[in-house]
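Chemist: So you can see what is in the structure, the chains are spelled out below.
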Amino acid sequence: MGILQKFKQMFSTVPMLGWFLGILAAVLIEYFWGYDYISYYLGLPKIPVLFGALIMLKEPVMIPGALAYDLIVYVIPVLAVAKLSSFITNPGAALLEKLPLWLSAVIHLVCFYAILHLWAGINDYRVLVVKLTLVSIILTVSVNVINGYQGEFSCSHPGFMALGAYVSSILTLVLFTNDKIFGTALLPPALGPYLFPLVLVAGGAAAAIGSLAVAIPSFRTRGDYLAIISLAFMFIVKSAVENLNIIGGARGMGGQPDLAPLPVIFFWTMLCIWVIHNFVTSILGKALNTVRDDEAAAESMTVKTRKTKMTAFMFGAFWAGVAGGLFAHVLTYINPGMFSINRLAEILAMVYFGGLNSIVGSIVGAVSINVLGEALRPLELFKWIIIPLILIFVMIFRPYGLISFTEINAKKLLEAKHKRQQGVSP
Amino acid sequence: MRKIAVLTMLAFCTAMMFSSLAFSARKTIIKIGINAPLTGDIPKVGEGSKYAAQMWLEDIEKAGGLEVGGKKYEVELVIEDNESKAESAVKANTKMITQDDVLAIVGPQSSKQAVPAGEVANKYKTVMISPWSTNPSTTLDRPYVFRGCFLDPFQGPVVANFITEEFGFTKAAVLYDVASDYPKGLAEVFKQAWEDKHGPGSVVAYESFTTKDTDFSSQLTKIVKSGAEVLFTPQYYNEVPLIVSQAKNLGWTGPIVGSDSWGSAETVELCGEDCYGLFFSSHYAAAGAKGATKAFIDRYEKTYGYIPDDVAALTWDALRLAQQAIQDAGKLTGKIEKDREAVRDALAQIKDFDGITGKMTFTEEGDPIKCAVIVRINHQGEYEFYGSSCP
Numbered sequence: 001m002g003i004l005q006k007f008k009q010m011f012s013t014v015p016m017l018g019w020f021l022g023i024l025a026a027v028l029i030e031y032f033w034g035y036d037y038i039s040y041y042l043g044l045p046k047i048p049v050l051f052g053a054l055i056m057l058k059e060p061v062m063i064p065g066a067l068a069y070d071l072i073v074y075v076i077p078v079l080a081v082a083k084l085s086s087f088i089t090n091p092g093a094a095l096l097e098k099l100p101l102w103l104s105a106v107i108h109l110v111c112f113y114a115i116l117h118l119w120a121g122i123n124d125y126r127v128l129v130v131k132l133t134l135v136s137i138i139l140t141v142s143v144n145v146i147n148g149y150q151g152e153f154s155c156s157h158p159g160f161m162a163l164g165a166y167v168s169s170i171l172t173l174v175l176f177t178n179d180k181i182f183g184t185a186l187l188p189p190a191l192g193p194y195l196f197p198l199v200l201v202a203g204g205a206a207a208a209i210g211s212l213a214v215a216i217p218s219f220r221t222r223g224d225y226l227a228i229i230s231l232a233f234m235f236i237v238k239s240a241v242e243n244l245n246i247i248g249g250a251r252g253m254g255g256q257p258d259l260a261p262l263p264v265i266f267f268w269t270m271l272c273i274w275v276i277h278n279f280v281t282s283i284l285g286k287a288l289n290t291v292r293d294d295e296a297a298a299e300s301m302t303v304k305t306r307k308t309k310m311t312a313f314m315f316g317a318f319w320a321g322v323a324g325g326l327f328a329h330v331l332t333y334i335n336p337g338m339f340s341i342n343r344l345a346e347i348l349a350m351v352y353f354g355g356l357n358s359i360v361g362s363i364v365g366a367v368s369i370n371v372l373g374e375a376l377r378p379l380e381l382f383k384w385i386i387i388p389l390i391l392i393f394v395m396i397f398r399p400y401g402l403i404s405f406t407e408i409n410a411k412k413l414l415e416a417k418h419k420r421q422q423g424v425s426p
Numbered sequence: 001m002r003k004i005a006v007l008t009m010l011a012f013c014t015a016m017m018f019s020s021l022a023f024s025a026r027k028t029i030i031k032i033g034i035n036a037p038l039t040g041d042i043p044k045v046g047e048g049s050k051y052a053a054q055m056w057l058e059d060i061e062k063a064g065g066l067e068v069g070g071k072k073y074e075v076e077l078v079i080e081d082n083e084s085k086a087e088s089a090v091k092a093n094t095k096m097i098t099q100d101d102v103l104a105i106v107g108p109q110s111s112k113q114a115v116p117a118g119e120v121a122n123k124y125k126t127v128m129i130s131p132w133s134t135n136p137s138t139t140l141d142r143p144y145v146f147r148g149c150f151l152d153p154f155q156g157p158v159v160a161n162f163i164t165e166e167f168g169f170t171k172a173a174v175l176y177d178v179a180s181d182y183p184k185g186l187a188e189v190f191k192q193a194w195e196d197k198h199g200p201g202s203v204v205a206y207e208s209f210t211t212k213d214t215d216f217s218s219q220l221t222k223i224v225k226s227g228a229e230v231l232f233t234p235q236y237y238n239e240v241p242l243i244v245s246q247a248k249n250l251g252w253t254g255p256i257v258g259s260d261s262w263g264s265a266e267t268v269e270l271c272g273e274d275c276y277g278l279f280f281s282s283h284y285a286a287a288g289a290k291g292a293t294k295a296f297i298d299r300y301e302k303t304y305g306y307i308p309d310d311v312a313a314l315t316w317d318a319l320r321l322a323q324q325a326i327q328d329a330g331k332l333t334g335k336i337e338k339d340r341e342a343v344r345d346a347l348a349q350i351k352d353f354d355g356i357t358g359k360m361t362f363t364e365e366g367d368p369i370k371c372a373v374i375v376r377i378n379h380q381g382e383y384e385f386y387g388s389s390c391p
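Protein chains in written order, with my numbering: chain A, 1 to 426; chain B, 1 to 391.
Here chain A stands alone, though its shape is the one from the complex (with noise of 0.2 Å):
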């Protein structure tokens, strides 16, 4: 415990620019020398993909290589550019504490995405499973304003999130592509990226709109009717699509052009934080949160909750319709199959993983699931044991999740760190 709380001391001093600088200098010693010289040295056969993971598990010969290769080119990087560079990033982020808030935050998401294109850069696996986990946090995030501020149990989202994937796939392959189904390009395919935000938005609100069939019937009640007819409503979803052979059946539908690049998908994830942490603070919010705890007092206190309750349903649907876009448009692909059972289970395990009530926690959630499969893909059968097992164990000892119940203050985070050091010890 004394090592842990000195290492806290003695970084306590780092700002938020710091540490951004400090993964910089990893990401660059990775990009210049990761390939020809550290990994060489280390007999690894190429960099490894997500911090030597895959290939640990797939041959324990090259643990120590790995670990070691994270040393130099992660831990020691970081941590000494973090701390030797204070002495400016500090000045620095008081600098930017000056301008308005918002405008400090976006600069530091701009140097944020930086760090990550580059990183994600060295290799394409790299950027599908940053694309993916992307899009797994508007999902979590979204499933938590119905699930965790809203207090209900609902099952529907991967209809919705169907309802934007097909409605932005075909009006993607509508307007911009040539293809079997749907005949020639009704745009030219250059106005593509500009319109994929309405494309996006559309999809959105078709699924905002496909929530009010669950929602009017189900919010008389509370409970577990809300999920059995969300439930309901998920298969009613899968199998419409599925018997109707225009737009593919399950046979699926492929072809989408490639309009989600990882910058695009950045954009619309900050953007879902955003929105929702202000949707959650705003007094709607609030509202929402007393409707949770009591219904009948909210009433009394003039919160009217029908009105709340849909409109929160809605909004979280719409985020949903925005994921399955983006998903569609990253795998090129999809099928009613992939909107069904399993997806449900696996948003639900990101949901409660991470935490209910808190932003923080579903970034958390989805980052720690989506990270979980893939760096113990090379276990298979194996891996649906330990994961599962890490949920009990969580479940457990945090009921409610990691990080539940707590909010992002983006002031705090960002500020300069050298006078509250001041403030400590004079």
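Calculated directly from the structure, the hints in this document are not laboratory data.
Even for Gly, the Cβ is constructed at its ideal location relative to N, Cα and C.
Relax, there's no trap hidden among the hints.
Covered stretches of chain B (chain A as the covering partner; in silico rule of three or more C-beta atoms under 8 Å from a C-beta of chain A):
1. 76-85
2. 89-97
3. 113-127
4. 168-181
A few chain B positions that, by computed beta-carbon distances, are all more than 10 Å from chain A:
5. 293
6. 298
7. 348
Given chain A, work out where chain B should sit, using these hints.
Modeler: Chain B alone, transformed into the frame defined by chain A:
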């Protein structure tokens, strides 16, 4: 503390900079990727692919490596699990291509994974051979994607012709899973072929159900009442036994005919005597096989304890095709992009490849022209060769 940190960093940096002669010394290893459903809905299919691949690797290792252009190269298999999910198959392909630097990929088996995974392989210009995927769009407009089996539009007419010639029936019934891509496609093709032969309305019952249904009595009652003489059901090994036994209980006496999805060893194991005497179209027949096919079957059975199904045989052929293409490519430059292209060109030019599932020559699209086999389940529960039909 600061000094120590700076010194270690400096030491590392200088050490790295002064030793640059290194990286060309990395050995060229031929890596073949296997993208198989080891977990998920159809693990038996994944197991068959994995075992066939391991047998193939054994052969190569016995020979001391793969000889290309007079030089022996070490061969390594990269086996990835696609969990029987489309996005996982895409991830597995991307990983194998960009991280493991595979020269060619064998798999995925089912069309719902092979279609999106083929997109990835084609994008990165890496040869992919799907041994079992029968959906036309797997290889359509994708020069780098090939397959090891015939397509549904070929198989449907083969079955229709066989029934007509063998039994002389004119009225058929079809029972299929509407939610699954393969049965649905094949049912449509069969219906089309049958009606072309016997006139519209000759498919007297065209009934469907949904994946994971286990009670087919209402559909089967309709089929029995419709006056159909033969029932065609292109289902997988988990449904066929249920359909067959329920049909018999409801008074169905005619023959039941299936397609290559029956070919798993599990079909007969689960179905028992009910299935004896039934026919299905397939890629090869295990009982009464000769030559290389028999050698493969015997070896597989000896090592793994059961008779290989068609997936294993097709995977074996796909691997042999990949091997042939790599050897035909002449020589390996060590530059993976160039080698992949050479392998693709060599593969497209292979003529009359003598596989254990028949002779193969690829069309422009990367689909093989090969014969279908009609298999009869005999009274020992073995899959026996009954006849074959060639394009």
